[in-house]
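2 protein chains.
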Amino acid sequence: MEPFEVHILGCGSALPTTRHNASAQVLRIGNKQYMIDCGEGAQLQLRKSHVHFAFINNIFISHLHGDHCFGLLGLISTFGLLGRTAPLHIYSPEPLESLMSPLLNYFCKELTYKVIFHSIDTSKQSIIYEDKSITVESIPQKHRIPCCGFLFREKPKKPHLRGDMMEYYKIPLYLRQSIKEGDDYITPTGELIPNRLLTSKADPSRSYAYCSDTLPCPQNRSIIEGIDLLYHEATFANSEKTRAAATFHSTAGEAARIASDANVKKLIIGHFSSRYTDENILLNEAKELFRNTVLAEEGKVYNIE
Amino acid sequence: MEPFEVHILGCGSALPTTRHNASAQVLRIGNKQYMIDCGEGAQLQLRKSHVHFAFINNIFISHLHGDHCFGLLGLISTFGLLGRTAPLHIYSPEPLESLMSPLLNYFCKELTYKVIFHSIDTSKQSIIYEDKSITVESIPQKHRIPCCGFLFREKPKKPHLRGDMMEYYKIPLYLRQSIKEGDDYITPTGELIPNRLLTSKADPSRSYAYCSDTLPCPQNRSIIEGIDLLYHEATFANSEKTRAAATFHSTAGEAARIASDANVKKLIIGHFSSRYTDENILLNEAKELFRNTVLAEEGKVYNIE
Chain A
1205 MEPFEVHILG CGSALPTTRH NASAQVLRIG NKQYMIDCGE GAQLQLRKSH
1255 VHFAFINNIF ISHLHGDHCF GLLGLISTFG LLGRTAPLHI YSPEPLESLM
1305 SPLLNYFCKE LTYKVIFHSI DTSKQSIIYE DKSITVESIP QKHRIPCCGF
1355 LFREKPKKPH LRGDMMEYYK IPLYLRQSIK EGDDYITPTG ELIPNRLLTS
1405 KADPSRSYAY CSDTLPCPQN RSIIEGIDLL YHEATFANSE KTRAAATFHS
1455 TAGEAARIAS DANVKKLIIG HFSSRYTDEN ILLNEAKELF RNTVLAEEGK
1505 VYNIE
Chain B
1205 MEPFEVHILG CGSALPTTRH NASAQVLRIG NKQYMIDCGE GAQLQLRKSH
1255 VHFAFINNIF ISHLHGDHCF GLLGLISTFG LLGRTAPLHI YSPEPLESLM
1305 SPLLNYFCKE LTYKVIFHSI DTSKQSIIYE DKSITVESIP QKHRIPCCGF
1355 LFREKPKKPH LRGDMMEYYK IPLYLRQSIK EGDDYITPTG ELIPNRLLTS
1405 KADPSRSYAY CSDTLPCPQN RSIIEGIDLL YHEATFANSE KTRAAATFHS
1455 TAGEAARIAS DANVKKLIIG HFSSRYTDEN ILLNEAKELF RNTVLAEEGK
1505 VYNIE
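Here the protein sequences line up with chains A and B, keeping their order.
In terms of our numbering, the first sequence opens at residue 1205 and continues consecutively.
In terms of our numbering, the second sequence opens at residue 1205 and continues consecutively.
Simulated from the structure, these hints should not be mistaken for lab results.
Misleading hints may appear alongside valid ones.
In this list, chains with the same sequence are indistinguishable; a pair is considered to hold if it fits within one copy or across any two.
Quick list of in silico lysine to aspartate or glutamate cross-link-like pairs, DMTMM-like style, CA-CA up to 20 Å [what the hints assert, rightly or not]:
| hint | residue 1 | residue 2 |
| --- | --- | --- |
| 1 | Lys-1252 | Glu-1502 |
| 2 | Lys-1374 | Asp-1325 |
| 3 | Lys-1313 | Glu-1298 |
| 4 | Lys-1252 | Asp-1482 |
| 5 | Lys-1252 | Glu-1501 |
| 6 | Lys-1445 | Glu-1358 |
Work out the full structure, taking the sequences as your base and the hints as a guide.
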């Protein structure tokens, strides 16, 4: 199966530390790469990872707090110095374009490519991006400013052709695509071979959601129901529940409750407050409610098989 | 003697790599700290160093290319989150204030301190900052956009009081400051003890200049004549002299020639092009013309004794 990987570039919160960078991720699906948030230093983290700059054409920004977008200008500038020509699309709540345009006009006058801003209505779930293989949907979040999560979902895939049957019936290459699409096969002697004998089950469509920064939003349960992998912020331990609520963040236990109620398969927690020098307290609290939880960590890659 | 230390936070050029960060330094003199340039990631590099955020009250920006100033917004924001109250002064060529104000108004609405911008005329040498112990002068540079270097110079210091003589004549404490200022001492019996017997030589006034980014500027020789320490950009090796000239940068040999002609005591070269994976080629070329040359390196501290 093609890779479906979440590369963590940064999973700290507002105050960067020597242990955690500001929020940034790359989701790699096949040979496409989608960036999610772009805190300061994201381009340096990219350099350290095995992600190719050139394959990033779409960046999704959850909200306009600095720790989620201060790395954009440096990244855009570096893409330019590297001679990029493909347009770069940036999806975010408003008013990113009006904030960045004067800077791009000043610092990136000689860009060799176009930067195209798309604004997201964070109040509702809707498809904000689509290509041949995936859709990206916005997930309304509850934060101090407009903020949304992102649900990446592979489109239904075609079944596999059965090599043995192709061989046995000597089915010509030019007919095989139509069989993948569902056609039966008629042999030169007129015999009809039904499609179900010629194909095997398609790979499952995988899904990943990113929810940060936000209060727990149980009302989003149906949106993320049953997905393969959920990244949910867990800025605080359960003991800081009041502080979490006051700052519109979630605790580790709340993140795990969301994962559990929505029957997701696996949970990554991140966006750690700088007060924790060992996030195992967060991990343990989450695991009490949702066993298949892991900690985000810079440089780590989480696969969906 | 009080410390006089250059902390290198970043010494790469426009393209950050896994080996070098964008330009940023902190000059520590006594308990004061002055920041010079502030490329992306400077605040993370600060975290890794032993420099205290709170002691930085003045930032000097050489020019408005991204690799020298994209870290400002994150740093200002972090200072705010840490509850800073002291005003922060930023000295730079125009139009930094007009570029940053909309961002500060949006991202840093709740700053607990003032950010005060000062614009520098990069066309001439002049004192742009002064406090009790130092002056900072602008050094005109030749780059693609207005750019200046900075000369930090300690003011002349007071002589030391000789402990043995204070003791011998039992000179009361309230008179000692005036002796430091040059007064003689008259004993209770009317004997005049001349100042030169009561004091020993003042510590020398130390000096440091930062010159980046620039073509070699031999016309600045008199400004930096005899200084203790010079940081000069050496983006390229001598073989890239044409490229250096075309992009308004210096080669290692040119940096060394500047140091040698101005009789500086020590040279640090930096602002390395990302094409070099081993900067010893630059070091060796510089050393041929100026033996007391060292390579800048992230995390390193260069003292003037």
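Open item on the list: As a check of your reading, is Lys-1445 near Glu-1358 (CA-CA no more than 20 Å) within one copy, between copies, both or neither?
Closed with: Classified as neither: same-chain Cα gap 35 Å, cross-chain 51 Å, threshold 20 Å.
TODO: Up to 20 Å between alpha-carbons, please classify Lys-1252 paired with Asp-1482: within, between, both or neither.
DONE: between (23 Å within a copy, 18 Å between copies)
- [ ] Indicate which option fits the pair Lys-1252, Glu-1502 if close means a Cα-Cα distance not exceeding 20 Å: within, between, both or neither.
- [x] Cα proximity of Lys-1252 and Glu-1502: in one copy and across copies (10 Å, 16 Å).
Open item on the list: If the cut is 20 Å between Cα atoms, do Lys-1374 and Asp-1325 qualify within a copy, between copies, both or neither?
Closed with: neither (53 Å within a copy, 80 Å between copies)
TODO: Indicate which option fits the pair Lys-1252, Glu-1501 if close means a Cα-Cα distance not exceeding 20 Å: within, between, both or neither.
DONE: both (13 Å within a copy, 18 Å between copies)
TODO: Please work out whether the CA atoms of Lys-1313 and Glu-1298 approach to 20 Å or closer within one copy, between two copies, in both situations, or in neither?
DONE: Result: close only across copies, 17 Å inter versus 23 Å intra.
Going down the numbered hints, you'll see the structure goes against 2, 6, while the others check out.
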